[in-house]
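Visitor: Read off the chains here:
There are 2 protein chains.
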Amino acid sequence: MSSPFLELERALPADRFLSDPDVLSSYARDEAERAPFAVPAAVVRPRTTAEVATVVAFCAERGIPVVARGAGTGLSGGANALAGCVVVSFEAMNQILRIDPDERLAVVQPGVVNEELRQACARHGLWYPPDPASAPWSTIGGNVSTNAGGVCCVKYGVTRDYVLGMESVMGRGEVVRIGRRTAKGVAGYDLTGLMVGSEGTLGLVTEVTLRLRGARAAERTVVGSFDGLAAAGRAVAAVAASGVVPSALELVDRHCLKAVDDWKRMGLTDSGDVLLLARCDAPGPAGDEEAEQLLACFEQGGATWSARSTDEAEAEALFAARRLAYPALERLGAVLTEDVCVPRMLVPEMLTRIERIAADHQLTIASLAHAGDGNLHPMTVVPPGDDDARARGHAALERIVDEALSLGGTVTGEHGVGLLKKRGLAAEAGPGVLALHRAVKTALDPAGIFNPGKIFT
Amino acid sequence: MSSPFLELERALPADRFLSDPDVLSSYARDEAERAPFAVPAAVVRPRTTAEVATVVAFCAERGIPVVARGAGTGLSGGANALAGCVVVSFEAMNQILRIDPDERLAVVQPGVVNEELRQACARHGLWYPPDPASAPWSTIGGNVSTNAGGVCCVKYGVTRDYVLGMESVMGRGEVVRIGRRTAKGVAGYDLTGLMVGSEGTLGLVTEVTLRLRGARAAERTVVGSFDGLAAAGRAVAAVAASGVVPSALELVDRHCLKAVDDWKRMGLTDSGDVLLLARCDAPGPAGDEEAEQLLACFEQGGATWSARSTDEAEAEALFAARRLAYPALERLGAVLTEDVCVPRMLVPEMLTRIERIAADHQLTIASLAHAGDGNLHPMTVVPPGDDDARARGHAALERIVDEALSLGGTVTGEHGVGLLKKRGLAAEAGPGVLALHRAVKTALDPAGIFNPGKIFT
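Chains as they are written, first to last, in the numbering used here: chain Z, 525 to 981; chain X, 525 to 981.
In short, the hints are calculated from the structure, not lab data. Small disclaimer: the values here were computed from a predicted structure and weren't measured. Each hint should be verified, as a subset may be incorrect.
Since copy identity is lost for identical chains, a pair holds within one copy or between any two.
Only pairs whose alpha carbons sit at most 25 Å apart, straight line, appear in this in silico DMTMM-like list of lysine to aspartate or glutamate [as the list claims (entries may be wrong)]:
1. K782 x E838
2. K946 x E698
3. K679 x D812
4. K679 x D655
5. K679 x D805
6. K946 x E691
7. K679 x E838
8. K679 x E813
9. K679 x D626
10. K782 x E555
Taking the hints into account, I'd like the entire structure generated from these sequences.
Guide: See below:
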């Protein structure tokens with residue numbers, strides 16, 4: 525440990541400052557499969573906002589990079605450590621400070637795990653909607669940092685839609701409270717919304733005030749099997765035209781289904797190549813009617829088989845096909861994953877282009893899609909040690925990014941830019957908008973210490 | 525007209541540049557009753573983004589202030605002209621460029637009137653929710669600039685929730701496209717959200733991409749009359765506890781009711797002092813059930829009279845009490861109006877404090893409230909020529925702002941800071957957050973030309 529960090533260690537209570545090399549290594553990276561990383565110079569696990577401020581002030585004075593870290597479940601390298609940096613891990617700031625049923629809000633520390641918050645809310649008859657696939661492990665701080673989405677955001681929106689305000693430590697170590705605790709408010713710039721999704725590049729979030737909803741009616745599940753992307757695409761278009769807003773509309777392609785079948789023998793590929801999974805949650809008879817409409821849409825699209833679930837267990841079993849796809853692929857090697865989002869009517873076209881790109885690169889590319897909002901997660905598996913497959917995989921995913929842009933889409937629907945999407949963001953935003961990003965970054969992080977080199981260079 | 529502007533006039537097509545003194549005077553101010561204003565040096569009514577860019581580049585080179593203007597219906601002085609400024613009025617950029625039912629979005633120029641957009645959407649079975657009281661006149665550009673709310677935002681959110689992306693002219697006259705057209709997207713900072721509500725201080729919005737919803741089920745209307753604020757407050761709390769999210773929950777106090785009665789003889793004060801007006805819009809039997817629950821909440825609060833409307837005409841008549849309150853007060857003199865927002869359970873407490881402030885200042889203060897989200901509009905009437913009443917009115921409204929802050933509220937729920945709320949914003953935000961505002965402003969408006977002196981000094 526070099527001497528400057530000795531001073532930081534002394535400025536913090538015992539056990540906050542970590543410098544054991546093995547420990548440092550475990551904070552080097554998130555779950556992105558193809559992003560560069562380094563072992564941090566130090567890791568700090570603060571317990572208070574004041575300790576976070578101490579770290580930031582220390583680093584700002586010395587120009588030391590600060591990388592914020594939640595649970596490290598990110599998929600774009602946003603939490604990857606930089607050479608010489610201090611990683612600030614929020615795992616010990618994990619208290620739910622308040623749940624207010626009257627005002628329907630929660631005040632939490634950034635290290636609270638998404639699923640724990642959701643369960644705590646449920647005990648008050650309340651609901652925190654954002655449900656990224658990482659919800660059992662990922663933290664609210666990480667979710668805020670990446671503006672995390674999930675399955676239900678097709679109807680209920682993403683993390684930013686639920687962040688009312690926050691406490692943050694800004695570029696010189698100063699602590700500020702931005703946003704509000706009221707239902708509405710237009711006092712000044714939306715700095716809260718700016719912080720959400722800024723991936724730790726503008727400041728460190730130390731407390732979050734979240735808007736909650738009341739617990740909702742039980743969801744109905746509708747499932748349909750299709751013999752190709754065209755038919756599934758027609759079904760998705762029919763849903764869009766029906767006016768029903770599903771609370772989930774997921775697509776699982778044949779490569780995902782096959783990977784799950786090879787593992788779990790669920791017989792998913794017996795009835796078709798593509799599975800559509802929908803949920804709806806209008807209360808009472810309106811919910812039944814929604815489910816009937818979704819079923820009719822699937823049939824209209826040409827489903828080879830479709831059904832409404834009659835109970836929760838059955839519905840969960842149907843959704844397992846989606847949930848198991850990623851682990852099923854991971855059994856086969858490292859999964860390189862993408863996160864493009866296109867106009868929702870172009871999901872079938874995008875999937876067709878992905879198939880073509882896969883063929884061009886002699887790869888299998890499996891896709892999960894949040895079909896209802898056009899967000900696709902193409903994935904390709906790199907068998908252990910196969911550097912050639914890895915190189916082809918990288919090239920294919922970069923082409924997918926370009927194709928998404930050519931369809932009027934975006935390079936990242938919910939994972940964030942991190943390191944992996946910097947080229948894509950530059951292409952999507954153009955030099956004028958990137959210049960605005962740099963101006964905002966410089967304004968709020970004058971010392972340039974917060975996660976430098978992430979999102980843009 | 526001074527010579528620098530001759531050059532600007534020549535750079536624009538004929539009829540864009542206005543310098544007739546009478547015309548200039550008509551662009552001097554918005555509808556805020558107590559904000560300073562000046563006659564602008566010139567007014568430009570651009571028809572294209574390129575023309576807007578010409579104006580901005582011209583003004584940036586010379587340090588001339590630029591004030592954006594929609595319909596001038598603002599209530600905080602945000603569009604008030606500054607000495608020597610150029611007002612850019614967007615009234616001629618009023619085209620709806622696209623309504624896309626498949627992707628549920630609209631692309632519009634900033635001068636499109638809110639109500640015209642709503643009607644155009646309705647023709648496609650679509651709905652643009654934000655419904656400020658000014659909707660028949662105010663423009664989308666103005667709504668975006670102030671992040672306008674309205675009656676249905678208690679359930680459906682405010683303008684920012686519907687802005688996906690935009691084209692803007694930034695501080696050197698450069699044209700950028702920010703945001704996206706996809707349902708989701710996290711590529712880079714939320715510059716779109718930052719522009720929304722920035723009241724023309726960061727750039728000029730020249731095109732907006734808006735998210736739409738499908739047309740909703742017919743609303744049910746529930747009305748209750750109460751013999752005091754305490755009872756109405758209990759009813760509002762009961763609604764909150766019930767889990768029903770009304771699509772409107774409005775409170776009209778006795779001073780408003782009396783003003784309407786004095787004008788229209790509607791007998792509104794016969795059954796009580798305070799009127800609560802609620803709407804709900806769940807489809808089918810669930811909507812009937814919601815209405816029953818709202819009615820039960822009103823009865824639980826102690827309503828002296830309550831009823832469900834059986835048809836649209838009757839519902840409209842009931843809501844007339846709210847709609848007519850402002851014009852009824854305007855008959856009596858200039859209306860000074862406020863816009864504080866408090867935690868929704870504290871609406872009765874805030875109204876009680878307002879009554880006390882009114883007594884202290886020997887004033888009548890009438891209040892309308894979006895009770896469901898804690899947003900209150902206290903109003904006091906200044907009889908023509910009564911400077912003393914005006915001074916007492918100003919003092920009372922400033923105290924109301926302070927009381928709202930002491931209850932954990934915000935100084936503006938939906939009208940914006942403009943000029944009237946600068947002191948309030950400074951008190952609410954504190955010096956640290958104001959410094960962040962200044963840093964962002966300087967970063968995006970390096971020449972300092974966009975609506976200088978608005979929101980903060």
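Visitor: Next step is simple, just say for each hint if it's right about the structure.
Guide: Verification of the hints:
no.	hint	verdict
1	K782 x E838	within (20 Å within a copy, 59 Å between copies)
2	K946 x E698	between (29 Å within a copy, 23 Å between copies)
3	K679 x D812	both (17 Å within a copy, 23 Å between copies)
4	K679 x D655	both (12 Å within a copy, 21 Å between copies)
5	K679 x D805	both (10 Å within a copy, 16 Å between copies)
6	K946 x E691	between (28 Å within a copy, 22 Å between copies)
7	K679 x E838	within (22 Å within a copy, 32 Å between copies)
8	K679 x E813	both (17 Å within a copy, 22 Å between copies)
9	K679 x D626	both (24 Å within a copy, 16 Å between copies)
10	K782 x E555	within (24 Å within a copy, 64 Å between copies)
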